[in-house]
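Chemist: Residue-level listing of the chains:
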Amino acid sequence: MKAWNNGQLRELSAEEVAVVNTERKAWEDKSVERKLTRIKNIRKQKLEATDYMANSDVTMPDYIKTWRQTLRDLPQNNTTESQYDTLLARDADGNLTNSVWTQPTS
Amino acid sequence: MSKTQIPTGGIANDAVENTKLDLTSNYAFTGTITGDNNNLVKISQSSISAGSSVSAIEFSNIFSSTYDTYFVNFSKVRLTAEGNLRMRFYSDTGTTEFTGAYYYWASYGRDVNSADEVNNENGGNQFILTGTLDYDNASDSGASGHLYIYNPLANDSLSVIANGQSGYRNNGNVYSANNFSGKYSGTSPRYGFKLYGSSGNIELADVTVYGVKT
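These protein sequence lines map, in sequence, to chains A and B. First residue of the first sequence? That's 1 in my numbering, and the numbers climb one at a time after it. First residue of the second sequence? That's 107 in my numbering, and the numbers climb one at a time after it.
Hints are computed from structural coordinates only; laboratory data are not their basis. Every value quoted in this text rests on a predicted model; they were computed, and no experiment measured them. No residue lacks a Cβ here, since even glycine has one placed at the ideal position from N, Cα and C. Heads up, a few of these hints could be off.
Partial chain B-side listing against chain A, Cβ under 8 Å, derived [stated by the list, open to error]:
#1 161
#2 162
#3 163
#4 165
#5 197
#6 201
#7 219
#8 222
#9 280
Computed Cβ-Cβ distance ranges for the label pairs, DEER-style [said to hold, decoys possible]:
#10 B:252 - A:85: 30 to 36 Å
#11 A:92 - B:293: 33 to 39 Å
#12 B:156 - A:89: 25 to 31 Å
Modelling step: build the complete structure from the supplied sequences, incorporating the hints.
Modeler: The following block contains the structure:
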């Protein structure tokens with residue numbers, strides 16, 4: 001393993017390599033946790049976008065209530081990394097593709 | 107007797123115009139530029155070209171008493187795996203790292219799909235300068251941004267601050283902007299720093315460090 005030190009390639013010592021590998025593993029071990037965090041962040045945005053419908057002067061449609069409950073239940077209904085990946089899938093433009101994120105209109 | 111002055115009217119206008127002076131030629135300047143008209147001084151630059159792969163970009167023994175403030179410009183920093191861009195100080199003129207819980211920092215970012223990227227550590231062992239970067243799209247140009255580092259040689263726990271901003275395509279595959287600020291709390295001087303990824307190697311980057319005269 002090498003580093004670029006002041007414009008020169010430098011071979012890392014065995015001790016340095018061990019530290020790098022340990023830190024990288026720590027990051028990679030939390031991959032699933034990070035995905036769940038991203039799902040919760042997206043869910044939070046989606047819920048916030050319809051929070052105004054809970055105001056006393058607005059009537060929240062039942063289909064919105066159902067959708068919001070579906071969003072709240074995402075973590076308990078999706079517990080594996082592959083399920084997280086499905087929820088986080090995006091198209092080439094970066095748009096989320098899973099239909100669960102789409103706010104229903106009826 | 108040498109002449110040190112040209113008398114009024116003693117030189118024709120066309121003597122300094124391109125009818126007499128060849129402006130396509132190179133003229134050697136052998137004097138010394140004095141004064142303080144160069145406040146941003148390039149100290150070091152490291153470029154990692156596409157196809158290369160290094161675990162870190164290191165700037166060891168780069169801080170000196172000449173400057174209190176350093177400007178770090180980084181562009182096209184691309185990793186080989188999904189990860190964020192990190193920074194750590196060196197405790198000596200070599201590459202011994204400060205890895206204790208000295209790094210107090212927070213960052214706030216937001217991507218174009220309105221997703222927040224909020225992160226912080228109340229005593230971490232590194233600064234994390236960006237959110238998680240995209241890595242599997244060869245057309246991505248990587249993360250670009252800048253960082254100011256203040257008072258790295260100070261012997262106190264209060265004055266070493268790093269502030270920066272960056273932009274990049276994140277792991278949601280959309281563009282994101284990020285603001286970062288961190289304080290280093292250790293009381294020993296920091297002589298240099300390294301940039302590295304939380305995972306994977308750096309396969310593309312251009313990083314330049316400038317000293318800022320104040």
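Chemist: Would the stated hint for residue 201 of chain B survive a check requiring a Cβ distance to chain A of less than 8 Å?
Modeler: holds (7 Å)
Chemist: For the hint on residue 161 of chain B, just tell me whether its beta-carbon gets within less than 8 Å of chain A.
Modeler: holds (5 Å)
Chemist: With 33 to 39 Å as the target window, see if residue 92 of chain A and residue 293 of chain B comply at their CB atoms.
Modeler: violated (50 Å)
Chemist: Against chain A, run the beta carbon of residue 222 of chain B and see if the smallest gap drops under 8 Å.
Modeler: Since the shortest Cβ distance to chain A is 6 Å, the answer is holds.
Chemist: Does the interface hint hold: is residue 197 of chain B within less than 8 Å of chain A, judged Cβ to Cβ?
Modeler: It is violated, given that the least Cβ distance between residue 197 of chain B and chain A is near 14 Å, above 8 Å.
Chemist: Should the interface hint for residue 280 of chain B be scored as holding, given a Cβ-Cβ cut-off of 8 Å against chain A?
Modeler: Holds. Min distance 3 Å.
Chemist: Go through the hint on residue 163 of chain B and say holds or violated, using the shortest Cβ distance to chain A against 8 Å.
Modeler: holds (5 Å)
Chemist: Can residue 162 of chain B be said to touch chain A, with a Cβ gap under 8 Å?
Modeler: Holds, because the Cβ-Cβ distance from residue 162 of chain B to chain A comes to roughly 4 Å (cut-off 8 Å).
Chemist: Between residue 252 of chain B and residue 85 of chain A, does the beta-carbon spacing fit 30 to 36 Å?
Modeler: At 34 Å between Cβs, range holds.
Chemist: Just to be careful: measuring from the Cβ of residue 219 of chain B to every Cβ in chain A, is the smallest value less than 8 Å?
Modeler: holds (6 Å)
Chemist: If you check the beta carbons of residue 156 of chain B and residue 89 of chain A, does the distance land in 25 to 31 Å?
Modeler: holds (28 Å)
Chemist: Quick check on the hint: residue 165 of chain B CB to chain A CB, less than 8 Å?
Modeler: holds (6 Å)
Comparing the model with each earlier hint shows violations of hints 5, 11; every other hint is respected.
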